[in-house]
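From first to last, the protein sequence lines stand for chains A and B. Take any residue in the first sequence, note its place counting from 1, add 51, and you have its number in this note's numbering. Take any residue in the second sequence, note its place counting from 1, add 514, and you have its number in this note's numbering.
Source of the hints: derived by calculation from the structure; they are not laboratory data. Heads up, the beta-carbon is just placed ideally off N, CA and C, and yes, glycines get one too. Please note: incorrect hints may appear among the correct ones.
[To be verified] Covered by chain B, per the in silico footprint, the following chain A stretches (three or more residues, Cβ under 8 Å):
1) 154–168
2) 179–187
[Unchecked claim] Residues of chain A clear of chain B, computed beta-carbon distances all greater than 12 Å:
3) 59
4) 61
5) 62
6) 114
7) 127
8) 172
9) 245
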Amino acid sequence: MSLVRFYLSNSREVLGLLGQHVLLVLVSTAIAVAIGVPVGILLTRRPSWRRPVLGLANVFQTIPSLALFGFLIPLPLLGGIGARTAIVALVVYALLPIVRNTYTGIVGIDPAIREAGRGMGMTDGELLRLVELPLAASVILAGIRVATVVGVGTATIAAAIGAGGLGVYIFRGVAVVDDRLILAGALPAALLALAADGLLGLVERRFAWR
Amino acid sequence: MTDVLEVRGLGYALPGRGKGEEGRVLVEDVSFTVAAGETLVLLGRSGSGKTTTLKLINRLLEPGGGEVVVAGRSAAAVAPHRLRRGIGYVIQDVGLLPHMTVEQNVGLVPRLEGWAPDRIRERVHELLALVGLAPGQFAGRRPHELSGGQRQRVGVARALAVDPPLLLLDEPFGALDPITRAELQREFKGLEGRLGKAMVFVTHDVREGFQLGTRIGLMQGGRLVFLGTAEEFRRSTHPEVRAFLEAAA
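Bound conformation, chain A alone (with noise of 0.2 Å):
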């Protein structure tokens, strides 16, 4: 198969794609989790922010990922050509799940619960990290899982500007209408995709309760 040929004489470059591509999905789902997860818990404080919040994360969504790649080049700081501007904004795409499924994975837990946990005489802290956390665990993980493979997904159209990634072979094979090249960048992203799905799936399920 010319594929498989093509993956033996280019295995240099096919593995450096490759790890740039996990690298970018990695990081940026990593800094996605250090802000989301907090972001979610403080909307379950102050419920008032919640519709704000979460209708800015939505906005972000729905902005188009080339159109928003596009827009970060000329920012200083978060912008430019590279990695750098490519996990700005797979952080911005991955927020809305996580930030969400850590809202209402908190919000969901039985009110009932979170009383038994305060009569037994746990501060607000040792209610998060004891009860809340534990049991919203899955729900978070959930939305860990769909960040992580849209970012997956996302992360191809990071080639555009410079980032690297699996997407170099899909944007070399359009330009030049090879249908071999785009499938050699898009199928290892596609098996990237479903191993991280498999993979956290089977965490996610390691916290699911009762």
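We have chain A; now place chain B onto it with these hints.
What follows is chain B alone, placed relative to chain A:
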């Protein structure tokens, strides 16, 4: 006998005012004391303010008026979480944390209090034995792997973990089948004598009240309309008391 719990003129109205349920008075001018070794049963229909009264004692709800004194200290003067760690709290059914094992559930308050793991473990096993659960068999199970009766035993063990002088029990046996219920009531009766705690026990079951209560308080429309021994309760002419006695007959 010293009073472990003193409740004076307790009142509570739903927050807000005016329309609908807001501002509705749920508890009004409730006063009683409970001494060590004594169980006060709070009896009443649904919505009569029994559960609200319990929650006002451990400040899950903030009293709108009156005073609560626990072990000689005004409850309002202590941080709510500190107050609650000194009060055992047993509730119906959902009280156990579903993601923790029996051992973790029972050892929770000691853990919050920063006990050493060995000491927690020892205490948990002692308590499980006390409530009739073989530690080796049950310590590692999760709540959903227990029967309703076993869950309530764990709930009682957990409330006793740091040996608080006061226990609040909110219909602890309410969700059990009649046979398990009778069994737990008998055992609980035995525990009462051994533990010497002050207890407030909420129920709507008159027989349970007679069996477990040193004294009975009857609530109606947020007020304590009767307070006395089971004997006095039987002789009372208060219409709500008569209604309860007739329903149980």
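Now the hints, each set against the structure:
1. 154–168: The restraint on the stretch 154–168 of chain A holds, since 6 of its residues have a Cβ under 8 Å from chain B and three suffice.
2. 179–187: It holds: at least three residues are needed, and the stretch 179–187 of chain A offers 4 whose Cβ sits within less than 8 Å of chain B.
3. 59: Residue 59(A) is indeed farther than 12 Å from all Cβ atoms of chain B, at 48 Å.
4. 61: 48 Å, holds
5. 62: 45 Å, holds
6. 114: Residue 114(A) is indeed farther than 12 Å from all Cβ atoms of chain B, at 38 Å.
7. 127: At roughly 46 Å from the nearest Cβ of chain B, residue 127(A) sits farther out than 12 Å, so the non-interface label holds.
8. 172: About 3 Å separates residue 172(A) from the closest Cβ of chain B, which leaves it inside 12 Å; violated.
9. 245: Given that every Cβ of chain B is farther than 12 Å from that of residue 245(A), nearest at about 29 Å, it holds.
Of the numbered hints stated above, the single one contradicted by the structure is hint 8.
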